[in-house]
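Participant: Sequence:
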Amino acid sequence: MYSALVISAAGDMQELTVYSVDAVAAIVGDRWVDCLTSSDGVIDFWFGSATSVRGGPNWRATGLLLTASGFSARTVPLLYGSVLVCSRSTEGQLLGLTGEHREQLRPPGWLSRWWVRRRFAHTDRRAWIGLDPSGKDSRLG
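Sequence positions in the sequence shown follow the working numbering and run 5 to 145.
No lab work stands behind these hints, which were simulated from the structure alone. Note that beta-carbon positions come from the ideal geometry of N, C-alpha and C, so glycine has one too. Check each hint, because a few of them may be wrong.
Simulated restraints on C-beta separations [unchecked claim]:
{"#": "1", "residue 1": "Met-17", "residue 2": "Ser-53", "range": "18 to 26 Å"}
{"#": "2", "residue 1": "Trp-114", "residue 2": "Ala-14", "range": "20 to 28 Å"}
{"#": "3", "residue 1": "Arg-122", "residue 2": "Ala-14", "range": "16 to 24 Å"}
{"#": "4", "residue 1": "Ala-30", "residue 2": "Arg-122", "range": "27 to 35 Å"}
Throw the hints in and build the complete structure from the sequences for me.
Facilitator: Structure below.
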């Protein structure tokens, strides 16, 4: 049993217990999941595959990833849908989040928040006019 946080696209945070890595896909709500790790290699952010964007933009999880990793506000991957945040050992085994890990999960500053929201708005605009957020025109195949 491992303590983890689930952050919904609405920004709600919920603590729950994860029993195995296999349960991550069920919690995130996607068949395929991807993982990004904090700059110190301890905190993992599990989210649905980029090819199947489900749910709305997850500003809170993207902001926490920004502060826990080496990404800048311009390069941090934009996360969508539910995101599971947990820690792991140096051997790669899941561990529960400790108080020290939770201290690393702090919100970004106002300028970084502004950049992330601007980037989300840009991808929403591209999708609205029929362009794929990945940069390829979906009408061209």
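Participant: Indicate, hint by hint, whether the structure satisfies it.
Facilitator: Now the hints, each set against the structure:
The beta-carbon spacing between Met-17 and Ser-53, approximately 22 Å, falls within the hinted interval of 18 to 26 Å. In this structure the hint that Trp-114 and Ala-14 lie 20 to 28 Å apart at CB holds, the actual value being about 21 Å. A beta carbon spacing of about 20 Å between Arg-122 and Ala-14 agrees with the range 16 to 24 Å that was offered as a hint. The beta-carbon spacing between Ala-30 and Arg-122, approximately 33 Å, falls within the hinted interval of 27 to 35 Å.
Of the hints listed earlier, there is not a single one the structure fails to meet.
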